[in-house]
Amino acid sequence: MSLFNLPAKKAKTGARQNVTPSLVQWRFVLVIALVVSVFTGLGVRAAYIQVIAPDNLIQQGDSRTMRTRNMPTYRGIITDRNGVELAVSVPVRAIYADPKIIHEQDGLAQQDRWEALADVLGQDVEKLRSKVQNPKRRFVYLQRQVSPAMADYVAKLGIPGIYLRRESRRYYPNGEVTAQLIGITDVDDKGIEGLERLYNDWLTGTPGSRVIRRDAKGRQVEVLKTTDGEKAGDLTLTIDQRIQALAYREIKEAMLYYKAASASAIVVDVHTGDILAMVNAPSFNPNDRSNVSPHRMRNRVITDAFEPGSSLKPIAVLSALEFGSVKVDDIIDTNPGWMRLGGSLVKDHRNLGKLTLEEIIQHSSNMGTSKLALGVPKQFLLDTYYNMGLMSDTGTNLPGESNGLFHERSRWSDFELATLSFGYGISVTTAQLARMYATIANGGVNMPLNIVKNTDNQAYQPEPQRVVSKASADAVLSMLESVTQRGGTATKAAVPGYRVGGKTGTSRKAIAGGYGDEYVNIFAGVAPLSDPQIVTVVLINEPSGDLYYAGDTAAPVFSAITGGALQLLNILPDDKQVTSTTWLNGERNGS
Amino acid sequence: MTSQQSQRTPTSTNFSLVLILVSDLARNKLRVLLYLMVVTSAIAVVLGSHLNRQQNIVMESLMQEKDDLDVEWRNLVLEQRALTEHNRIENEVEKNLDMYRPSAEEEVVVKIK
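Residue numbers (my numbering), protein chains in the order written: chain A, 312 to 902; chain B, 18 to 130.
Hints were generated in silico from the structure; no laboratory data involved.
In this text, a Cβ means the ideal position worked out from N, Cα and C, and glycines have one as well.
Each computed BS3-like pair below joins lysine-lysine, with the alpha-carbon atoms no more than 30 Å apart:
#  : chain 1 : residue 1 : chain 2 : residue 2
1  : B       : K83       : A       : K528
2  : A       : K528      : A       : K467
3  : A       : K803      : A       : K820
4  : B       : K83       : A       : K467
5  : A       : K570      : B       : K112
6  : A       : K501      : B       : K83
7  : A       : K658      : A       : K820
8  : A       : K887      : B       : K128
9  : A       : K689      : A       : K781
10 : A       : K542      : B       : K83
Covered, in the sense of this in silico footprint (three residues per stretch, anywhere, with C-beta under 8 Å from a C-beta of chain A), are these stretches of chain B:
#  : region
11 : 101–111
12 : 118–127
Under 8 Å between C-beta atoms, here's a sample of chain A residues computed to sit facing chain B:
#  : residue
13 : P383
14 : V395
15 : V399
16 : V401
17 : Q531
18 : V534
19 : R553
20 : L557
21 : R560
22 : L883
My request is simple: use the sequences and hints to build the entire structure.
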């Protein structure tokens with residue numbers, strides 16, 4: 312207010328009132344009005360932008376500074392029991408094109424760049440260009456699973472409308488050794504076979520993301536929101552990769568040497584039921600499966616059931632011992648080496664005469680086991696087969712596992728019971744056979760087999776349970792040793808330095824209307840006998856060379872695998888004097 | 018303030034502006050203090066957000082580094098496993114180092130107890 316009054320005061324009191332410029336009222340008002348309107352305009356505009364319609368500018372700002380960054384997640388790592396990685400995912404890129412953008416920006420004109428692209432992808436340039444001919448399409452993969460180095464090169468080509476996308480690729484450093492067991496994933500990182508399929512959910516994580524604000528240089532200056540992804544779980548198997556590799560090598564050599572259709576082996580830890588190795592031949596390379604036939608992908612150890620033949624004979628003995636119809640040192644008379652049961656003939660390859668229980672197993676006498684089997688009630692016999700896990704799943708939960716083949720029937724003829732005692736009329740998988748031998752070796756306590764160590768899954772797991780008495784199991788176990796000793800059917804199964812026991816099985820393969828000319832050779836064994844640690848089962852399917860008895864084919868393979876495994880597991884030799892002190896003393900004496 | 022000035026102006030024309038300012042400020046200690054605090058906190062806010070941004074930038078580069086290292090690690094693991102594959106090692110030592118798996122007679126067991 313004082314401002315307005317000031318000139319008036321001066322006019323009254325000052326001396327030079329004549330020259331005082333008079334206030335031109337309308338100019339003054341005009342200036343004031345203009346000034347006020349400018350500021351009002353600014354204020355209104357600011358209010359409009361800030362309060363009434365702020366969304367547009369917020370959006371404009373965000374589109375320049377706000378970014379969503381995805382945090383990559385990779386499929387979990389599968390390791391063996393010692394932490395050796397068996398399956399690892401690494402990032403790769405997918406190259407894809409947006410034909411619409413290519414046509415809009417005339418990307419096809421750069422012929423030399425397309426030739427460079429076709430060159431690096433190893434594709435025909437015309438074929439590549441024809442993929443993006445249709446301008447209506449918005450997405451077409453040019454190549455997937457491209458290495459990062461190659462992807463960088465493609466990015467530097469700078470063809471408009473060609474982009475890269477992150478994806479990951481699964482590598483199996485052990486290749487064919489563990490191929491069937493671990494299985495494979497498809498191109499979208501989804502497990503489609505084996506353990507990859509069984510534990511697909513566990514192995515798959517969900518990617519996290521974070522919303523950030525970036526500055527002009529593209530650096531992250533503020534994290535607005537983070538969404539935590541679910542971390543992919545890792546899987547620890549019970550497999551020991553060293554034993555697995557050893558077993559695979561032996562199996563593969565055996566398959567080629569005996570000209571077999573296939574071969575498989577399984578090594579099981581007796582006390583825990585852990586599967587230490589599970590191998591199949593022929594196998595495939597899981598890192599390059601462009602020409603893999605399905606029969607190579609099958610995990611034969613658990614999917615294929617065979618009539619186990621003589622390798623099931625210990626059960627007949629065990630059953631008789633458990634029931635009490637015979638004592639450990641009883642003699643069974645198998646004269647005259649054959650007998651007729653309801654019109655069918657049961658015979659040994661020669662007349663073996665009077666045999667102890669041990670000799671029945673040692674010489675694999677059909678007569679002996681038939682007599683033992685017929686000496687116990689049929690339900691008790693069948694229960695023993697059932698309790699040893701021959702008609703149920705082994706507990707691995709692996710996809711495609713077979714429970715074997717067994718025809719439940721209410722009436723059994725004597726001949727059928729007799730054939731059951733020497734392993735015909737029932738089909739079992741290699742894994743089931745291994746579980747049966749592990750039960751005997753474990754003093755009659757039936758352990759479910761398991762393949763995964765850190766399992767968090769609450770899937771049904773059969774409990775370990777005692778199925779036969781320790782005395783009977785131990786008695787049968789010691790009888791098995793005779794098989795690998797002089798006079799037994801499988802001296803080639805012996806492992807130097809260790810006491811091993813086992814049983815051969817040479818069975819003919821059933822074909823329509825009877826039994827054909829093809830054989831299945833099995834050797835199942837336990838080592839070391841004084842303190843059983845591992846059970847190994849070797850199966851050689853359809854050997855077509857000169858050797859087709861299990862004692863000649865499967866037994867040496869068993870010996871090689873078991874011997875190597877015992878050494879690798881640092882298990883003390885029990886068949887020779889071993890002390891470090893004698894060796895040290897010998898060294899000192901200069902011997 | 019205007020009233021004080023108009024009181025003094027007629028009595029003495031000889032005065033020091035600095036003196037006035039100082040005495041004036043000294044009389045309103047609280048306001049001066051508040052003013053300084055406002056300025057300080059404003060600077061602190063600017064500084065804080067700047068430092069925060071710097072930390073964010075560092076964090077991003079560290080996360081990037083972590084991802085890169087993870088990728089490198091995965092590739093190295095693959096390489097290691099491919100090179101140390103059990104059968105490959107056995108072949109190599111047999112061929113190049115003239116080693117072999119000891120037979121049962123040659124085996125020496127060292128018990129640790």
